[in-house]
Amino acid sequence: MATVTTPSFDSVNVGDKIGPTTFNVQRTNLIMYCGASGDFNVIHWNERIATAVGLPNVIAHGMFTMAEAARVLTDFAGDPSRVIDYGVRFTKPVPVADDDKGTDIEVTGTIAEKRDDGTIVVDLNAVANGVDVLGKARGIIRLGD
Amino acid sequence: MAINRDFIGRTFDFEVPYQVGREKVREFATAIGDNNPLFHDLAAAQAAGHRDLLAPPTFPFVITYRAMIGAMGDPELNLNYAMVVHGEQKFTYTRPLYAGDEVIVDSVVADIAAVGRNELLTMEQHVKTLDGELIVTTRNVTVSRGTAPQEG
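These protein sequence lines map, in sequence, to chains A and B.
My numbering numbers the first residue of the first sequence as 82 and each following residue consecutively.
My numbering numbers the first residue of the second sequence as 367 and each following residue consecutively.
Pulled out of the complex, with its shape left as it was, chain B reads as follows (with noise of 0.2 Å):
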């Protein structure tokens, strides 16, 4: 069954804060092999300028994953969740993303597509700080395998 095309353009506020650790950017590093000192040493970070540990240019996704899959587990949208796929990823920064930083996300749902037997639903998201404060927008293309509508 396709997706609902009544969420075009809804919007869902993920008020949780997610405070970005120290060891949460560490072990993240750690995970992807990067030995990048201004995501492991503080004193490294801060001698290059910046106020703590900085997150890899991925981690966002480890705060925007949980606010898009309360977003696509609305059963209203229709999304099998088993038929999924991680079509596009993009990160835009408005600023570095820190150790220390409490943040929340907005997300939007920009638009749903059929392309061939699949759909495409495509997520733009919001990291803020509790002030409002953008730090990084995302845009996230998930696939949905074989569900778009059949003519005839």
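Excised from the complex, chain A in its bound form (with noise of 0.2 Å):
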């Protein structure tokens, strides 16, 4: 069985970066992601009408973005319930095409804060076709002992 490990408090440092992590999305994961999540918002699986109201392509859920984004804190963290507040903006879309390549987003930590409550602060970059679709991405981690 995989042993979950979390890194001490005293064992990080503000700067520090985690990553960075590249998460590839394709046409599939965001079908999938339309499924698990409930939202079948059509900008997000039909091209004919993403493209129709203007959009480059079919987008990634800003939420599938959101949770890839996690995954460098989760992973971070070691059990994902350590990650005890997570916020973002979304400030551009996350085109995918109908190709075999897909799109990669790639994600950053850095830790911007100890908290003398034994928290991190981690600030996320993340970025997809050199762009930065995520704005004040941020998690708070209860670090151990």
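Derived by calculation from the structure, the hints in this document are not laboratory data.
The structure presented is a predicted model; accordingly, all values stated were derived computationally and were not measured.
Don't take each hint at face value.
Unchecked claim - Here are the simulated DSSO-like cross-link-like pairs (lysine-lysine), alpha carbons at most 30 Å apart as the crow flies:
#1 B:LYS494 to A:LYS217
#2 B:LYS390 to A:LYS182
#3 B:LYS494 to A:LYS182
#4 B:LYS390 to A:LYS195
#5 B:LYS494 to A:LYS98
Claimed, not checked - Listed next, the stretches of chain A that the computed footprint assigns to chain B, with coverage defined by at least 3 CB atoms under 8 Å from CB atoms of chain B:
#6 112-122
#7 167-174
Note that CB positions come from ideal geometry on N, CA and C, so glycine has one too.
Quick one: dock chain against chain with the hints and give me the complex.
Right, dumping it as structure tokens:
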């Protein structure tokens, strides 16, 4: 069985980087996310309608991108329940073409703050096609002793 | 046409209980490509001190989305759903969300404000057990494109 390990509070420093980690998203991932989340908005799976309403292509759910970026936090924390606060702004859409390559989302975490209560603040940077797709993306992790 | 400001402060209770299912947690984790054992493997979750599978951090949106659609569907609100995009999302946990939890959602319209040509509708939602134990508070900003009241 896999064991869960969490970094100790003392082992991390402000400025430490986590990642980068690259998450590849293809059309099939969006279809799966539609089903798993219940969000079947056509702009996430129908290219004809997505382009008709002015989008460059089918776009990933913002919540899909947010979920991928969260993996940087939960993988670092070991136990995902140590991520006690997580928020983002959706600044740019992530278009996903109908090809075999999909779109890469590269996510980097930076430890921005260590707090007296044993939590750390991690700022996330998420880039797809050379542009930032999330803004003010930040998680709070309760680390171990 | 602008969103109805009378809705600021209004609350909506979504009392239809949502039960977090183990297979739904696994399906969601699989959809986001996350094989963390605490989302999939009951024995691993229990060995880590949890009573059941953990839901991924953004999973509560599956639950709050239903409640939000209900609130936003009120014709008096005057929100054109074709014009909206998701602006911000935040989750603040009081305790972990587990498979097996049966929850309800209350929502409050925290703010409606014009920013340039757009309007921002901010909703705060509380995911609670049937006994009223708070699990997670979410904050959601919906952007309504081009609907801000124009001067002159």
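Do the hints match the structure? See the list:
1. B:LYS494 to A:LYS217: Holds, at about 27 Å.
2. B:LYS390 to A:LYS182: With a Cα-Cα distance of about 28 Å, the restraint between LYS390 (chain B) and LYS182 (chain A) holds, given a limit of 30 Å.
3. B:LYS494 to A:LYS182: 41 Å, violated
4. B:LYS390 to A:LYS195: Given that 30 Å is the threshold and the Cα spacing comes to 35 Å, the pair is violated.
5. B:LYS494 to A:LYS98: 35 Å, violated
6. 112-122: holds (count 7)
7. 167-174: Per the Cβ count (5), the hint holds.
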